[in-house]
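Residue numbers (numbering that gives the first Met the number 0): 0 to 253.
No lab work stands behind these hints, which were simulated from the structure alone.
We put the beta carbon where it would ideally sit given N, CA and C, even for glycine.
A few of these clues could be false.
Claimed, not checked - With a straight-line cut-off of 27 Å between C-alpha atoms, the simulated DSS-like cross-links for lysine-lysine are:
(1) K224 <-> K69
(2) K105 <-> K72
(3) K173 <-> K69
(4) K5 <-> K49
(5) K49 <-> K18
(6) K114 <-> K5
(7) K18 <-> K3
(8) K173 <-> K114
(9) K173 <-> K105
(10) K49 <-> K72
(11) K3 <-> K14
(12) K18 <-> K173
(13) K3 <-> K49
(14) K117 <-> K14
(15) K69 <-> K105
(16) K114 <-> K49
(17) K117 <-> K105
(18) K69 <-> K114
(19) K105 <-> K40
(20) K114 <-> K72
(21) K18 <-> K105
(22) K69 <-> K49
(23) K72 <-> K173
(24) K117 <-> K188
(25) K105 <-> K188
(26) K14 <-> K173
(27) K188 <-> K114
(28) K173 <-> K117
(29) K224 <-> K72
Stated by the list, open to error - Each pair of labels, with its calculated beta carbon distance range:
(30) S24 <-> E154: 16 to 24 Å
(31) K40 <-> G77: 20 to 28 Å
(32) S24 <-> R156: 46 to 54 Å
(33) E30 <-> P237: 50 to 58 Å
(34) L104 <-> P60: 15 to 23 Å
(35) T222 <-> G77: 40 to 48 Å
(36) E154 <-> E70: 22 to 30 Å
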Amino acid sequence: MSNKTKVLIIDDDEKSVEKLSEVLSDYPDLEVTGSAGLCSKGRELVAELKPDLLFLDIELPDCNGLDFVKEVKAANAGTYIVMFTGYYKEYEEGTFEGDEADYLLKPIDELELNKVIKRYRRYRMLSNSDLLKAPDPHPAAKGGEVFTATTYTNELRVMRLCDIGYFRYSMRRKVWEVALNDHSFVQLKRGTSANDILQYSHQFLQTHQSYIVNMHYLLLVGTTKCRLYPPFDEEELPIGRTFGRDLRRHFQEI
């Protein structure tokens, strides 16, 4: 059985399918296993091929690709979906912050495609790693870089960086909180500033006045929100105007 990534393309523009297939053939770990021009045929191929990577056009003759995303996720939750469109400007206000994982503009820019492939590979690597499994009850016991902080109750807490998804500022308590991958929150002592957190590790990057993300879990950067890898995939962190450009620059460098 091949270990190559199974790629499926659903797009009614035959020239775009040919061009994308041609460019993808240069990636030795990818294999285009099928293509379709309609959602009806796409459904059959998704069920049959169970693709790892799906390029999905938004404007299809028999359905809207954005609606089709939910069907794909229901049939094969592990599929990494790339919305393939020439009309991003019409959708940019929050459209790409739902169930889809990524997007690629038409006509194909090979440099942008390469960034998409890099993000897919990182997603696949993390999906197969222990980082997405249940956390160890004693985080320091397995080693690795740790985050040591004083809590709101004046206790000293040690947390692995790989267990931290993001930080959020609680307006009610006036403290920063650490979001851990067991879905719990640790409240840091009063007086801890965003700068204190950012200086602790280069993995931490501010997305908003009240949010700091662990770049290790960053999956998708939209126009106003960003999404994270599991187990933080149900969270959407806001992106402030003053932080967006720096966030995107660092994300592209991952």
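Checked hints:
1. K224 <-> K69: holds (20 Å)
2. K105 <-> K72: holds (24 Å)
3. K173 <-> K69: The hint is violated at about 38 Å.
4. K5 <-> K49: holds (8 Å)
5. K49 <-> K18: Within the cut-off at roughly 23 Å; holds.
6. K114 <-> K5: Roughly 18 Å separates the two Cα atoms, so the pair holds.
7. K18 <-> K3: Cα-Cα ~20 Å, so holds.
8. K173 <-> K114: With Cα atoms ~38 Å apart, K173 and K114 exceed 27 Å; violated.
9. K173 <-> K105: violated (46 Å)
10. K49 <-> K72: holds (11 Å)
11. K3 <-> K14: The hint holds at about 24 Å.
12. K18 <-> K173: Distance of about 53 Å is beyond 27 Å: violated.
13. K3 <-> K49: holds (13 Å)
14. K117 <-> K14: holds (24 Å)
15. K69 <-> K105: holds (23 Å)
16. K114 <-> K49: holds (23 Å)
17. K117 <-> K105: holds (19 Å)
18. K69 <-> K114: Holds, because 24 Å separates the two Cα atoms, which is no more than 27 Å.
19. K105 <-> K40: This hinted pair holds, its Cα atoms lying about 22 Å apart.
20. K114 <-> K72: holds (22 Å)
21. K18 <-> K105: Distance of about 11 Å is within 27 Å: holds.
22. K69 <-> K49: holds (15 Å)
23. K72 <-> K173: Measuring from Cα to Cα gives roughly 38 Å; hence the hint is violated.
24. K117 <-> K188: violated (38 Å)
25. K105 <-> K188: Cα-Cα ~49 Å, so violated.
26. K14 <-> K173: violated (55 Å)
27. K188 <-> K114: violated (39 Å)
28. K173 <-> K117: Violated, at roughly 38 Å.
29. K224 <-> K72: holds (21 Å)
30. S24 <-> E154: 16 to 24 Å: Since S24 and E154 have Cβ atoms about 56 Å apart, the given range 16 to 24 Å is violated.
31. K40 <-> G77: 20 to 28 Å: holds (21 Å)
32. S24 <-> R156: 46 to 54 Å: holds (50 Å)
33. E30 <-> P237: 50 to 58 Å: violated (38 Å)
34. L104 <-> P60: 15 to 23 Å: holds (20 Å)
35. T222 <-> G77: 40 to 48 Å: Given about 26 Å between the Cβ atoms, the range is violated.
36. E154 <-> E70: 22 to 30 Å: violated (47 Å)
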